[in-house]
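*Asks:* As a plain string of letters, each chain reads:
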Amino acid sequence: MYRILVYIGAALLLLGAFAFGVSLWEGPTAWHTDVRTFWGIPISLFVLWIGLAHAGTLISAIFLALGYPLGRRTSMVAELSTLCSLAVAALFPLVHLGIIEKFYMVVPFLDARGNFSNLRSPLVWDFCCISVYGLVSLLFFATHLFSEKFPDLKKLIRPMAWLLFPLVLWVHTIVSLDFAVTFVPQWRGAFFPLYFIAGAIYSGLALVIILLTAEHCRVRVLEKLMLGLSWFMAFFWLWEFLLKGSFSFEVVFLGAVVPQLMWLRVIRENAFGRLLVAFSVLVSLGLERYILVTPSEYNAAEYFSCTDLGLVSFSLGLFTTLFFVFRAKFSSLLEGEDVVMGEIVLQQDESDKESEKISIPEKNDFSILRLPLLLGVLVTLLYVVWAVSVENANLAPLSVVNVAPLCLPLLVLVASFTLCARPLWGISGKRVKLVCAVLAGILGCLAGAFWAGGSSDVSSGVVSVQEVDSPKTVEFIWSSRCASCHGQDGKFNEKFVREFYPLPQKLTPVRLDTLGEDSLVKVILDGRVNMNPYRGRVSEEEARGLVRYMRHLAGEGE
Amino acid sequence: MDAILNALYCLMALGTSMFLWRRPVSIFKEMGILALSLVVFGLFSYLTMDLAEPTLEYMPFRMLALCICFSTTSLTSHKTRYLVLSQVLWLWVEFFGGLTFVYHGLDMPWTRIVAIGAGAFGGAFLSHISREMEFLLMVYWIAVWMFF
Amino acid sequence: MDRREFIKACSVVALMQVLWGCRRLPDLSGGKVPEIAEFEKEVRLALSRAKGAFDLVQVPMPGPLDVHGASPVNRFGMAIDLDACDGCGKCILACMQENNIPLSSKGERDAGRFMHWIEMHGGTPAMCFHCGNAPCEKVCPTGAASHTPDGLSTMMYKRCTGSRFCGANCPVGARKFNYVDSVKEGLARKFNPEVPLRSKGVMEKCSLCLQRLQDHKHAQMATRPGVEWRGSGLKTACSEACPKNAIIFGNWLDQESPLVQEAKHRNLYVPREIANLDPSVVYMRGRR
Ligand code: SF4
Ligand code: SF4
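Each protein sequence line maps, in turn, to chains Y, W and D. Position one of the first sequence corresponds to residue 3 (our numbering), numbered consecutively onward. Position one of the second sequence corresponds to residue 4 (our numbering), numbered consecutively onward. Position one of the third sequence corresponds to residue 16 (our numbering), numbered consecutively onward.
Hints are computed from structural coordinates only; laboratory data are not their basis. If you're wondering where the values come from, they're calculated on a predicted model, not measured in any experiment. Each hint should be verified, as a subset may be incorrect.
Unchecked claim - Capping the alpha-carbon separation at 30 Å, the derived lysine-lysine pairs in BS3-like fashion look like this:
no.	chain 1	residue 1	chain 2	residue 2
1	Y	Lys-226	W	Lys-32
2	D	Lys-66	Y	Lys-246
3	D	Lys-173	Y	Lys-524
4	Y	Lys-226	W	Lys-82
Unchecked claim - With beta-carbon atoms standing in for the labels, derived distance ranges:
no.	chain 1	residue 1	chain 2	residue 2	range
5	D	Gly-127	W	Val-105	29 to 39 Å
6	D	Arg-59	Y	Arg-550	50 to 60 Å
7	Y	Gly-431	D	Gly-127	57 to 67 Å
8	Y	Lys-246	D	Ala-290	16 to 26 Å
9	D	Pro-164	Y	Leu-137	33 to 43 Å
10	D	Ala-68	Y	Phe-274	51 to 61 Å
11	Y	Phe-255	W	Leu-129	45 to 55 Å
12	W	Gly-108	Y	Asn-532	32 to 42 Å
13	Y	Asp-491	D	Lys-47	27 to 37 Å
14	Y	Cys-308	D	Glu-20	18 to 28 Å
What the hints assert, rightly or not - A few chain D residues that don't get close to chain Y, going by computed Cβ distances all over 12 Å:
no.	residue
15	Glu-50
16	Phe-69
17	Pro-75
18	Gly-138
19	Gly-248
20	Leu-283
21	Arg-303
The beta carbon of each residue, even a glycine, is placed where N, CA and C say it ideally should be.
Build out the structure end to end from the sequences listed, making use of the hints.
*Replies:* In structure tokens:
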């Protein structure tokens with residue numbers, strides 16, 4: 003069964019891989035865009051898959067956190083689907099970029115040139131939230147997966163679920179802000195956070211129902227939830243229509259009308275019937291995202307090119323392959339002993355007291371959460387204070403509102419890793435430990451490189467500062483430090499400098515004289531526009547010598 | 004927006020909250036009531052509010068959040084937890100709604116957000132919620148809704 | 016390294032070994048540089064495909080800029096005289112030549128896209144309005160789009176990752192994206208050595224002829240040191256090229272500037288979408 007599904011996935015993947023390659027190669031021309039829309043299919047797929055990635059954690063973590071745990075198999079399937087859809091979702095913003103290799107520029111950290119990404123942009127929040135979400139879900143999945151073998155981990159699960167619960171909702175809220183903060187008339191809406199969350203949960207439930215059907219089991223409570231959510235989605239679509247006049251028949255029909263078939267016993271009790279409804283929901287939501295992302299006057303869906311379809315098939319294929327490969331691999335761990343737990347019927351009076359007693363004991367030990375949470379709050383506070391106070395010549399100062407979207411992910415990241423580090427370390431084998439250590443080392447080095455790059459005077463200890471005693475020394479400093487851009491002869495090194503815009507001015511004697519020696523010394527020490535600061539690498543005396551030398555070179559050139 | 008209309012919205016939220024969590028509790032019933040009240044809130048605010056007013060965008064959802072807050076007082080178990088959670092939901096709606104408005108040049112409703120935040124934070128420390136406490140909480144929410 | 020080369024480096028290495036000798040990579044550089052006539056032809060084409068007219072609303076005269084670190088003495092901007100403009104399109108061509116704007120490829124033209132920084136909206140030329148409170152800058156993740164103290168909304172091409180968020184958030188669609196590599200496709204011509212050619216995958220838009228401003232500033236500092244620079248006597252390429260003198264460039268904060276002199280007596284308008292965003296470029300119509 004799984005093998006067949008893997009083959010189907012691989013076939014779709016191969017079909018789509020071509021489109022994926024073309025998109026990488028050609029850049030954003032590969033898919034359909036027009037005068038008004040710059041984004042197109044990758045962002046729609048991103049929103050769709052990130053939405054699907056929510057169901058897993060939602061189902062498993064939120065139910066668990068609130069004390070209504072689902073069967074092990076259900077939650078594991080859901081969590082695995084989260085991880086796989088996240089992997090798929092994360093690919094598309096990268097494909098979307100004009101210059102892929104510069105993606106790191108959105109990381110909200112100082113880089114080597116003192117550049118700080120623009121924390122006011124929802125894209126930066128997005129990047130952070132999604133990376134954190136990926137990491138924490140992985141952690142949660144690992145804890146959950148191994149808790150069968152190592153009962154020690156069991157006590158971590160509920161605290162972790164409580165950490166993930168707000169994060170899941172937060173992530174999709176942030177994704178919705180990508181749209182809601184813009185001035186595009188079709189994307190206006192202070193209600194977008196809820197709209198997106200509801201859509202994400204809705205589509206995610208559909209996906210989990212499909213995956214559970216492949217497991218030959220069903221969880222009625224999820225079906226009920228899906229049906230209930232369809233009414234909310236219907237309201238959201240009504241609200242969209244009232245506010246902006248946007249309405250799509252296909253979306254509403256597939257997303258709100260077809261699910262009502264679940265009222266019929268024949269459909270509900272039949273695996274194919276359930277599959278039909280779930281797929282119809284997925285198609286509806288996919289279409290809805292596409293229509294949302296491409297707000298054109300005409301029906302953009304008619305312009306679907308082969309690449310667009312290919313990318314859709316790629317995402318489907320990648321997900322199916324990933325999911326079922328891992329599913330087969332973890333088979334023994336996933337199923338555990340309570341295979342039958344897939345079939346859970348939530349009692350009618352589930353939210354009442356009686357059912358509480360059979361679920362995990364209420365007074366689960368949450369005290370282990372205290373220290374990690376404290377640490378998380380501290381780190382977050384530190385980060386906020388730091389980010390708000392970073393001086394950035396290019397950008398307006400940040401306000402708390404701009405940094406707030408990063409707070410929760412940071413808190414959860416720190417808290418969950420402090421929480422799980424020790425117990426997980428204890429149970430992991432030698433190989434895993436080694437890999438972790440190496441990874442941590444690499445990460446540390448990267449962070450260090452980032453950090454060191456932030457300021458240019460770290461080198462003061464490395465480079466000895468000499469007194470300028472002769473023209474020869476100045477000439478030496480010039481050729482070692484300045485000549486790479488300014489040229490050995492004081493004329494610009496064209497090959498390098500033409501990349502700057504606006505072009506730097508020629509350093510004529512007149513210009514040097516008007517700028518004045520003192521201000522030029524300052525420029526050398528503190529940097530300006532394209533010029534890097536050299537404080538700590540040359541002394542003030544040397545800088546003065548360099549200015550005179552520059553004057554001398556410019557005079558020669560006349 | 005005039006105060007009478009605002010009071011009316013508050014009353015509507017209070018009114019619909021009465022239907023929630025009545026025994027026997029079932030997923031369908033609660034979700035149905037919530038969705039229906041959302042429709043009512045939506046249509047009502049759409050008809051009564053000025054279309055050019057940006058806060059119309061999230062009005063029904065604010066009302067829904069308020070309604071859920073009110074309804075938690077009638078729960079029989081885990082009252083504190085759901086009290087906090089429902090206020091966090093309200094906070095969520097207000098904060099992120101306000102954030103989108105900030106990007107459109109409006110001001111953040113800070114007093115309201117701080118008030119709701121304080122309510123949620125304070126609520127977390129209530130171990131036992133008496134009748135009087137419930138009443139006080141409802142008054143507090145109404146005050147936050149009406150005056151901030 | 017551009018996107019193609021990056022991917023080439025990553026994934027084609029293995030393929031190259033297999034195909035070594037039997038495959039010659041096509042030489043894409045071509046070295047072709049388009050004729051000036053082609054630029055003229057494209058401008059004519061763009062004129063024939065003008066976009067819909069703006070819905071204009073009246074605004075007061077732009078005042079000092081309300082952004083971080085704004086200069087109290089300079090705020091550059093333009094006013095376009097709708098009574099004088101007859102939509103000839105000479106400004107578009109002048110701007111292309113001043114700023115090395117490439118031609119659009121066939122695919123781009125079919126999709127309705129031109130790289131022109133000035134476009135006709137129902138007979139009136141429109142470029143970036145240099146909003147004082149620019150929404151495009153707020154959403155740029157890397158800070159490549161930022162404001163200068165003297166009121167220009169600028170682009171740092173080297174810092175742009177091409178996320179196109181700014182383009183989506185510009186209410187008037189003033190931003191242009193380099194979908195194709197215009198140099199390799201032979202669509203770009205370097206008219207002006209002071210302005211670099213943009214690489215594939217970055218955003219661009221009207222810079223208010225930043226390079227002219229900068230030159231002017233340095234020239235004045237060199238020849239008349241000590242005198243405060245207000246940009247007087249300067250013109251942008253489009254305002255210089257206009258035969259009807261319908262585009263007036265100047266400093267909104269300088270009472271002597273021709274811009275203020277003229278705008279004082281006129282009614283000022285901007286598109287409705289950006290009326291609240293404090294634009295520096297406005298339209299003029301009627302006398303007061
Ligand atoms: S007109 Fe558009 S591109 Fe220009 S500053 Fe305003 S928002 Fe940005
Ligand atoms: S001001 Fe300069 S860059 Fe802007 S439209 Fe005019 S010529 Fe082009």
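*Asks:* Does each hint hold? Answer for all of them.
*Replies:* Consistency of the hints with the structure:
Between the alpha carbons of Lys-226 (chain Y) and Lys-32 (chain W) the distance comes to roughly 11 Å, so the proposed pair stays at or under 30 Å and holds. Simply put, Lys-66 (chain D) and Lys-246 (chain Y) have alpha-carbon atoms about 23 Å apart, close enough for the 30 Å limit, and the pair holds. A C-alpha spacing of about 25 Å is found between Lys-173 (chain D) and Lys-524 (chain Y), which places the hinted pair at or below 30 Å, so the restraint holds. A threshold of 30 Å between alpha carbons decides the hint, and for Lys-226 (chain Y) with Lys-82 (chain W) the separation of about 24 Å falls inside it, so the pair holds.
For Gly-127 (chain D) and Val-105 (chain W), the Cβ-Cβ distance of about 33 Å falls inside the hinted range of 29 to 39 Å, so the restraint holds. Taking the beta carbon of each, Arg-59 (chain D) and Arg-550 (chain Y) are about 55 Å apart, inside 50 to 60 Å as hinted. A hinted range of 57 to 67 Å holds for the C-beta pair Gly-431 (chain Y) and Gly-127 (chain D), which are about 59 Å apart. A hinted range of 16 to 26 Å for the beta carbons of Lys-246 (chain Y) and Ala-290 (chain D) is consistent with their spacing of about 20 Å.
One distance hint, 33 to 43 Å for the beta-carbon pair Pro-164 (chain D) and Leu-137 (chain Y), holds here, with the actual separation near 40 Å. Taken as a hint, the range 51 to 61 Å holds for the pair Ala-68 (chain D) and Phe-274 (chain Y), whose Cβ atoms sit roughly 54 Å apart. Against the hinted window of 45 to 55 Å, the Cβ-Cβ separation of Phe-255 (chain Y) and Leu-129 (chain W) comes to about 46 Å, which satisfies the hint. Restraint check, Gly-108 (chain W) to Asn-532 (chain Y): a C-beta distance of roughly 34 Å satisfies the suggested window 32 to 42 Å.
A C-beta distance of roughly 34 Å is found between Asp-491 (chain Y) and Lys-47 (chain D), which places it inside the suggested range of 27 to 37 Å. For the pair Cys-308 (chain Y) and Glu-20 (chain D), the beta carbons lie near 25 Å from each other, so the given range of 18 to 28 Å is met. Distance check on Glu-50 (chain D): its Cβ is at least 24 Å (rounded) from any Cβ of chain Y, clearing the 12 Å threshold; non-interface status holds. Taking the minimum C-beta to C-beta distance to chain Y, about 14 Å, the non-interface status of Phe-69 (chain D) holds against the 12 Å cut.
With 12 Å as the threshold on Cβ separation, the claim that Pro-75 (chain D) sits away from chain Y holds: the shortest Cβ distance comes to roughly 21 Å. With a least beta-carbon separation of about 18 Å from chain Y, Gly-138 (chain D) lies farther than 12 Å from that chain, consistent with its non-interface assignment. At roughly 18 Å from the closest C-beta of chain Y, the C-beta of Gly-248 (chain D) stays outside 12 Å, upholding its exclusion from the interface. The beta carbon of Leu-283 (chain D) sits about 21 Å from the closest Cβ of chain Y, which is more than 12 Å, so the claim that it is off the interface holds.
No Cβ of chain Y approaches the Cβ of Arg-303 (chain D) within 12 Å, the least distance being about 30 Å, so the stated non-interface status holds.
Every hint, counting from the list given before, is met by this structure.
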